[in-house]
Every structure is written in C-alpha cells, then in structure tokens.
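Take the given structure of chain A and dock chain B to it, following the hints.
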Amino acid sequence: MIRVRQLTKRFEAGSERVHALDDVGFDVESHQFFTLLGPSGCGKSTILRCVAGLETPDAGDIDIGAETVFSSARAINHPPNRRRIGMVFQSYAIWPHMTVAQNVSFPLEVQRRSDVRARTLAALDIVGLGAVADRYASRLSGGQQQRVAFARAIVAEPEVLLLDEPLSNLDAALREQMCAELRKLHERLQLTTLYVTHDQGEALSMSDRIAVMRDGRFVEVATPERLWNAPRTVFAAQFLGGANIFAGEAKRIPGGSIISTSIGALRSTRNAEGPVSVFVRPENVSLAVAGADANRFDCAVVAQRFHGDTRDIELQPKGGGQVLRCKTHTGELPKDRTVAIYIDPAHVEVLSHDDTAADLAAAPLVRA
Amino acid sequence: MTASEFAWPGVSRSALRAPAAETWLLAALVLVVGWLIVPPLAILVYGGITDTPPAVAPHFTLDTLHYAYARPRIWSALWRSAVYAASTATLVLVIGGFLAWLIERTDSRLRAFVDLFTLAPILMPSVLLISGWILLLGPKSGLLNLIARDWFGHAAPVLDIYSFWGMVWVGTLQELPLAFLWLWPAFRAMNPDLEEAAHVAGAGFFTTLRRITLPILRPTIVGAWIIFFIYSLGALSVPLLIGLPAKIFLYSTEIYLAYRRVPSDLNIASAYSLLFLLVTLVSIWAYRRATRDGSRFITVTGKAYRPRLIRLGRWQLASTALGIFLLLLVAGLPMFVLVWNAFLPFPQAPSFASMHLLTSKNFAAALDYEPAKRAVANSLLLGVSAGLIATAVGALIAWLSLRSKRARGWIALLDQLATAPLAIPGMIFGVGLAWLYLVLPVPVYGTRWILLLAYVAIHLPFAVRICMSGLSQLHPELEEAGAVAGAGWVTRITRIVLQLAAPSLVASVLYVALRAFREYAASIFLTAPGTEVFAVLVLDMWEGGNSNILSAYVTMVMAVLSVVVVVFGRIGRRLGVHA
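Protein chains in written order, with numbering that gives the first Met the number 0: chain A, 0 to 367; chain B, 0 to 578.
A few chain B residues that face chain A, going by a derived Cβ cut-off under 7 Å, partial list only:
#1 474
#2 485
#3 486
No lab work stands behind these hints: they were computed from the structure.
All values derive from a computational prediction rather than experimental measurement.
Cβ atoms here follow ideal geometry from the backbone N, Cα and C, with glycine treated the same way.
Next comes chain A alone, as it looks inside the complex (with noise of 0.2 Å):
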C-alpha cells in the first residue's frame, strides 16, 4: 500500500521556482497496479522517484505499508535503501561488472537475507531467465535486461514495486509482449505497483487505475475503462486517444440533448444543460450511414493517414467550424472528396469537468 499526501516539490529553472510537483495526494490499495500517466515533464518520475526516496520533497507525507518513509511535518526522511521497495529503472540500470545472478542477488545480500542461491533462482525463473544466470549482464539483449532488472525488483519481494517507464527503450513488437508478461506476473506476484509511463497504451493494457497527470499535479484518476469512455476533462480526453472536444450550449430534449457547436447543433442521448463541453472518439464518427437524419454533416476531406489496420481522415465540415478527426477502415479518399458522416448520439459524451477554454487551447489536438 502506498499513500502520498500533499506532496509539494519545486526546482530551480534560472531564477524561478517551478513547481513539479504541487499539492500531490493518492492512494494505492495493496495489490493495485497503480499508473501514473501524462507528457513528458508533468512530474510523474518525481512522483515515483520521491517513493523511492531518490529525491526529496519540499512537503508532504508518504507511507509504504505501514511505515511513513517521508514526513515533512515529523522530519521523516527513509534512504531509499531502507523503504523495502523493488524499481526497474528506464536504462534497468544492469550491473555490467556483475553476472545476471550477481545483479538479482544483490538485493538478497545486502540485505543479509537468508536463501540467497534458491531465491535468485525462483526470481530468474519467473522471468524466464534462468539459463542465462551466470552470463554477464552486459552482453544481454535489451528484452532480457528487461528481465533481468525486473527479477533484480522483486526478488526481495518488496512492500511496493516502482516501475520508470520500463518498457520506453523497447521497440514497438517487443514492448507489446512485454506489456502483456508484465499484466500477467502482476496478477501472479499480486505486488503493489506504481508504474510510469506516457504511453496511453500501456497505462490502458496494464492498470487497475490510472492517474492523468499534467504542469505537476493530477487531471483526473480514474479505472482505464472509464478513462477511456467517459473522462471527466477535456485533457484526458484528448491524451487518451485524441478525442473531438467541442464546446457549446446544451438544451435538454426528450432521450437526451442537443447541444450547439461550431459545426452545427449535435444530439447526444446524455442529459446537459447550459455551457458544456462534448466529445467524440475519431473511431465513433462514421461515414455515409444512410437514412440518418440527425448527426448527419457533409464535410470536405482535408487529410488522410494510413495506419494500415484503420485510416485517420482529417474533414473540413461543409457549413463551417472545426476540423474533425476520423478513424475508419474505408478505402482510400481523394483530397477535397465531400463525404457524409454520421455521429450515433449514443457515443456524443458530455465532459462533467470543464478544465476551461484555456486548457482546450493548449491542449495538444493530435496525439501519436
């Protein structure tokens, strides 16, 4: 179990103080792969560094189980080699002067635990390494390094497991097996993990909960599933799976309501009232469905993409406003072509939290 209070860090960046971290505040229940996502310098690695105790925070509190490692308040400080924690590090961090055993038995021999041989073995065969156990760590492959480090993290079974963007220095094939080994010896090892990445994907594939995180403070924490369908910001939205955010004036009508936008008025079966913002999933808007009546635009194809098992179509809607986004499976559309689509008021969701007009701005619109 981990519980992080009011964690405050800032830095120096010439002669400001930036915060990087502001009025933090979380809990891991025990056993929870626990995700901490968001873009590059949102504060996520201190976030975990700090469990770590790799750094140190200006303010706050955190426990690991039922020890409080770090206080403020109570000048608590722990080293980090007194927090009972495992961490794979982005670079695994391997010991090139050690063998694969040496480096997975470290932990086991500092911290004069008993069984030392049995349990390096234990821990290399559940990554599947234990024929490689007396090779140098450096003459490994980068997946096996991977596993290396990961059976280095566990092998003291830890209170927590802190994981720092592990799988970014994988090419894509690789990193989506390891995605689904490290999902399954989750749920086998049942340790509490805070894992961080920004990647949208395997924050979705792995977690039990994700937190989004942005400028040093949380967005919204939430299970992937309702991440996904039903966020509560305009910035999750987006950085998951870069959605069509539209604002306007919404009136409530039977079934449902119709809201007002740049593009034109757009049903939605969600019941709002007043300002709001919507959005719609690129993949939930359609093309030429036949006999619908609402929901129903024709718009002027701007760009397309092909990602070979779907296609990304940019589209210019034909009475004005924004530029919507597309994901389908059609065949190829020639430039300018006018199309008609079709949005199911079913996938027209209302965002409960309006993080501003600012925040749509700034926003990033189009997210690899």
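Just chain B now, kept in the frame of chain A:
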C-alpha cells in the same frame, strides 16, 4: 580541457548523499588543492619584490624587478622563446591535424598506428627523445652525420641539431603525439552529416574544408594552439640540452641560469617567473575565450556509424609510408640510436667493422653509478605515489563535479584550481615550491616530499580529467539501483562505483606515474644529492659526458618502462565491465 558537462535528462537532485559529509569533503578538497596550487605561485610575487634570499628578514624593493627586466638579453630571449613556441605549436597542429583527418575521414590504414603513436611518448620521455636526436644529428658524432661521412663521403655535417631550427625540429617531434591525441577526439566527435550536407549542397572538397570543417573545428584548433604554445614556452629540456651548448638562450633558460648561478639568485628567477605567469594567465584567458562558445558547436550525435570515407587510391601507400616515417621520427630512430650507442665504446656509423666493437661494458658502468640506480628508484616511488594521491583527489573532485548539486560555485572553483596546472609551466612550480619551503619552517626542502608535492600539483589536472571521463559514463541509475536494492553508501561505493570505475582509476594512476617519471622542469629546481630523479639525472649525465654510458642507462630504463606499461595494461583489462 573544458569540463565534460553531463546532465542526465530527467534526473535531478539526487537524495543519495548526506549533505554534511559532502560539505566537509568539499571544504577539505578546496583547502588541500588550494594549498598545493596557490602558495607556490603567490610566493613568486614575494620573491620578485624583495632582494633578500629565502628565510632571511625580507627587504622589500623594486630593484629586483628593475634589474631583471633592464637587461636587453632577457627581451631577446623572450622574443626567441615566442618564435620557438609559435613555430612548434603551428607545426604540431598542422601535422597532428592532418594525421587525425587521415585517420577519421579517409580509408587510410593509419589507424593501426594509433596505439604505437600513443605509446611512443610514454616509452620515450622527452629527455630520451632529445638525447636520441642529439646522437642522431650531433655535428661531430651524430649517427646520421657519421653515415653521411663514412658511406657517402660528406666531410661537413649534413644537419646540425645545435641550431634554432634543430630545437624547433625536436620540440615538434616531442609534442606531436600529444597534439594528435588532442585533436583526434574532435575529429571523431564531429558529425560527418555536417560535411556530407555540404557535399550534397554542391560544395567540393576544398570548399567544404574551408567553409564547414575548419570553422566548426575552429575553437578546438585555436584552443589547442594556445595550449601547445604554452607547453613549448615552458619547456626546459630542449633549451637546456640543445640550446645551452649551442648558446641559444630562451626565456626558460634564463630562469634556470638565474637559479643555477652561484650564489643562486632566487629573486631574479622569481622576477622572470612572474612575467611567465602573466603570459600564462593571458593565454588561459585567451583559451577560455576561444573555447567559450563550445556549446554552439555541439557536434556529437551519438550515431554509431562510420562516415563515408574518402578513398585514397594510389595515395594509400603514401599515407602508410607517412605513418611509418613519423613513427620512426618520434620513436624508432632515437630508440635505435640509443640502443646502438649503448653497445658501442664510442659513437660509430653501422658497418661490418663496427660489429666487432660491440660491448656490454657501458651497462656495467651505468649499473655501477649509484645516483643512476637511486634516480630510477626515486622516480618510480615518487611516480606511483603521486599517481595514487592525484587519482584519489582527482576522483573525489570528479565525483563532486558530476553528482553534487550543492555549492556548485565552490565546486567550479575547485575544478578550476585543480585544472590550472595544465597551463602553468612546471618550472614555475619548481621555482615557487623551492622558495616556499625554504621560507616555511617545515623540513621538506631537499627531501623527496617536495618532489611529491610538485608531482601531485602538476599532474592533478590529468587525474581529474581521466576520472571525470570514467565516472561520467556511469549512469546515476546504476548507483540508485543499489540504493533501492537496500545497499548503504559504503556498499554502493565499494561494490558498484569503484568496481565500475576501476579501469579509469588504474589508467589515471598509470598516466600520472608515467608523466611524473619523466618530469624534469620542476624537478630540476627541487632535487638534491640523494633525491635524484631520472629525467634530471639524464640532463646531468649529458653535462658529465659519456653519451654511450648514458645510452646504456636509458636503454635499461626503457625496458623497465615497457614492463610497467604492459603489467598495468593487463590489470586494467581485467577490471571492470565484461563486455
């Protein structure tokens, strides 16, 4: 020379070290390094404005300075020194730069020579190189002149080493390997894309060289020129071994003569040293100015591909020949002549007749000479001690520079202090230390301790740089992983940091030891009977006379050095990373 600034992205103030311990360490280092560097230089001012010898109640006067600089010969010596240093610096950079370019940018096979070229100055300390060239080009008994006479019938000597250009020739050969090693990394680090982009844009070879390559390398080249200018200005072995017999006096010779005069005039020597120090400070300022905009020229991309190489074609053979020729000049020929003379009773051109003269008597005579044996023992002991101490201090300084986030101003000061001796001529340290410990009531003058102080101070910059480059390659996460695993700082240092950095630390000890072994410019002011060191003894033996016994002596020393280098090389390879 600029500190390699390493900031790992995303890694900020680490909480791994206890602040109190770090502050104490920093304070101790500033005091130790400050004491090593500042007082020996500061006391020169004291010497220059008094006319009383050390340890006597001082009489302050400006007469010393006036007398010193009123003599016209000092200004002509200064002018000669400047021409000597400028010629040498220019020549080594042109040749060294050409070599570096050939190796990095063409398909020449010179790369195979790099190791030998690096090894040459280690096995051939400058006093040996100079000795070798005197034995090759001396007017009466130089081997090449003897060959010209006996084989080709030239009565007059073809080339005379005892001339100004003879001095420039040997000075150039002496610094050439260093200049190459200085420039090579710059060529390596330069992104070949920049040049290829110029070719693609339509520029030919010479246009690219003039508009792209040279401007990008300009800070490096200008910086290197200044450094080698200062080196040549402060060199003492060429002016003493060649200049003195030829009656060509350089500025450094004048300082030496003022000191050697009976009675020794340390006041005049100090007064001369002050001007030298001033020139050095101006040069350091110029160096910093020249390399200040280094960040504008960040050229390292970290791409691991070899650039497109220029095909030399039929010039291939010429480049290989050039490599062999230069190796012969900087090591092969002098080494050969030393070994050849070691086995002869008197200098002699090789012939069938001379084969019957070969003898081992010179070796016996050298081994009988007590100071010769003592000098090697002293030099080895002092070299290894200085290597260990300088590496310990250097590693700590490097460590603080790379990892500590506190008191950056003090750390920068410490770094500047520790690297300052790089540009300060050794002889100035020699004069200053002699003064200082004649004044201070500590029994250090005339012992080996004063030599140790000098060697540590002079070689500290090298230790700092080598340790810095070693430690900067250790990602901080390697250490943090140890902390997370539960290891305290002692365990982290001993089991992770020291083991991974071991090859650099061993390299630093070896490098400092070898440099200290060949040091003469400071030593010559600090040795006493019983504390002879190798390089100074060679200078003495030249004055004493028998060049064949001298040859036998240095041949044995070269053999010892080779063994030392091989043994340390083995140790270095065993340690550290198993790649």
